[in-house]
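Chemist: Sequences are here, hints too, so could you generate the full structure?
There are 2 protein chains.
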Amino acid sequence: MQQLTVELGERSYPIFIGSGLLEQRELFAPYIAGKQVCIVTDDTVAPLYLDALCRTLDGYQLSRVVLPTGEAYKNWTTLQQIFDTLLASRHDRRTTLIALGGGVIGDMTGFAASCYQRGVDFIQVPTTLLSQVDSSVGGKTGINHPAGKNMLGAFYQPRAVIIDTASLRSLPPREVSAGLAEVIKYGLIRDETFLDWLEANMQELRGLDHDLVTQAIARSCAIKAEVVAADEREGGVRAILNLGHTFGHAIEAQQGYGQWLHGEAVGAGMAMALDMSRRLGWIDAAACDRGIRIIALAGLPVRPPETMTPQDFVRLMAVDKKVLDGQLRLVLLEAIGKAVVTAEFDTETLQATLAQGHP
Amino acid sequence: MQQLTVELGERSYPIFIGSGLLEQRELFAPYIAGKQVCIVTDDTVAPLYLDALCRTLDGYQLSRVVLPTGEAYKNWTTLQQIFDTLLASRHDRRTTLIALGGGVIGDMTGFAASCYQRGVDFIQVPTTLLSQVDSSVGGKTGINHPAGKNMLGAFYQPRAVIIDTASLRSLPPREVSAGLAEVIKYGLIRDETFLDWLEANMQELRGLDHDLVTQAIARSCAIKAEVVAADEREGGVRAILNLGHTFGHAIEAQQGYGQWLHGEAVGAGMAMALDMSRRLGWIDAAACDRGIRIIALAGLPVRPPETMTPQDFVRLMAVDKKVLDGQLRLVLLEAIGKAVVTAEFDTETLQATLAQGHP
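So the sequence lines, in the order shown, correspond to chains R and F.
By the count of the numbering used here, the first sequence reaches residue 359 at its end, each step adding exactly one.
By the count of the numbering used here, the second sequence reaches residue 359 at its end, each step adding exactly one.
Be aware that a few hints might be false.
Remember, identical chains collapse to one label, so a pair may be satisfied in a single copy or spanning two.
[Said to hold, decoys possible] Derived SDA-like pairs: lysine to any residue, alpha-carbon spacing no greater than 20 Å straight-line:
| id | residue 1 | residue 2 |
| --- | --- | --- |
| 1 | K322 | D84 |
| 2 | K35 | R55 |
| 3 | K35 | G119 |
| 4 | K338 | D209 |
| 5 | K35 | A285 |
| 6 | K322 | I32 |
| 7 | K322 | L87 |
| 8 | K322 | G34 |
| 9 | K35 | G59 |
| 10 | K35 | Q327 |
| 11 | K322 | D121 |
| 12 | K35 | D121 |
| 13 | K322 | R90 |
| 14 | K338 | G235 |
| 15 | K322 | T85 |
| 16 | K35 | H210 |
| 17 | K35 | Q215 |
| 18 | K322 | A33 |
| 19 | K322 | N150 |
| 20 | K322 | Q61 |
| 21 | K322 | V237 |
| 22 | K322 | A343 |
| 23 | K35 | A343 |
| 24 | K322 | E232 |
| 25 | K35 | R329 |
Bear in mind the hints are in silico, worked out from the structure with no lab data behind them.
This structure is a prediction, so every number in the text was calculated from the model and none was measured.
Modeler: Now the structure itself:
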């Protein structure tokens, strides 16, 4: 088992990474303050791991909430199911919520924990590669609004993140690729050596080689923990974690949540960010092509959907959370391994990037 | 104008108290970070003060949200109107929300500010006595759930509280009494001298004598600020601010939100807390009777509704946010001016208190 820490003063918390952690009661117990636990999961993950986790937590007053699977349900109506269960079973302020599932479950459970009785504890138990390397760490929680992804939420840190790598065995190849999008992101924004390693090992990673995947998760979590510790509430540097996400969120919203996986949209979005960085002359064609090739190697799309026009992008990106005083800001690359958040680009270059995806 | 500070480190903020502050642009400007402002109010307050506040803030990109009036609308459906407006008008993370109205508007606007794009700034401009002396200060925000009052929300501090005492002129007498309930509360829990002063001046306060009301607001805010500074997230002492509220919330929920005003329910609830403290032998009959007399002097009910049974109370109090590990905790008085949060009472005494209200 590997252990990392997200350093946030009194809100610091550990990340545990290893195989079979779901069954280790002693990992959970120190992070459960009261007698009441509510496990939140979805109808894909429940048949696989819910019973096992309940056995691990035998003796607590346990509630379970099984939500419908997918980004399309990441909304207030679904969130209400968590609150209804908590209130019906009289969960008090000392309750601990446990998010058992992918990014959608983690984001919704975290937001529910932040709101319920003005805040109760929660633990992240991510079961997909994407949530293990990204969304379970850092305290971003929330739900979608029809007008924009993750528009409602809170910065609210978990008490612990418990990553059981054994849960990846059940993951479909498409979801493995989606998770690799965020892994590649860390290389592109912060660590060229890691990107080299990913390029060399991509086929084994897609095949879920246990040791290599564990290494990829640990390095990804370490980079994320470092960036979050430097800027918890995204006043500055944390925004680099959104490389490809402004384009990607627009793709997800335009296609309808759940049509493209988040990681797939981020893959195409990162390819667009590479393309735009090249157009601005910040990186050369070779670096751009290499970045795009690695994204493709992971089995991810590198162009936006053909049905999406530049006008669609402009409209949907206007509500991005990085917009400030009416000005769009994007995460772009000054070099492979060095991202910046910037509004320093001309409209023509942005338009060319958006049009490039549109035949 | 008087000025107090709520001392919360980097989240510290000022409370300004005076007549005509709604028109003083220079009071607002330092607490508005961006160009965008969204004023949230209700259809009772809007015709009275919305235009004036818009004039004061001329030059900002202003949006307005006018919600239906009352506790019955303090729910997610109403909250959505705020989010819909913010997104439709493309409000970004540097937006400032302004809550113009009573406690319901303040609680909902604060919660909306805490959630929108994971948190934007907000300013409290309370227009009722109750919100000026209590709910606008301290960062408790939230909405009701059918199963319990304020069950969903956040601790989220405003950037400033701007109390324009001129707005009290439009307040109906019933709302004045409701506000005085919270003013009396501060005397009962923390300051017997203030309670003496309230008793001596109650008729003038009900008549909204400007100087006396301003003094009452300032002393109330000072006590609240002190308690909140000591315990922002209600880990301990802050709970004494809930004297009478556990009984009161049950009354509000049982009667249907909005039937009894919050302050009226708190009045009856404080009378019950006084009665129970006497039954436990913690205060004597004279102190109890005096407390109840002052509540009645303010024009408030001192008994729960006749249609409400002890069973109703037990059922509704079981979801109180002060319940921990299945045990109900109440705010009771060890003396006039000294409140404690305690689970140290026998069921028979509680039952006798609940039954006393039920003929």
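Chemist: Among the hints numbered above, which are violated by the structure, and what are their numbers in rising order?
Modeler: 4, 5, 16 and 17
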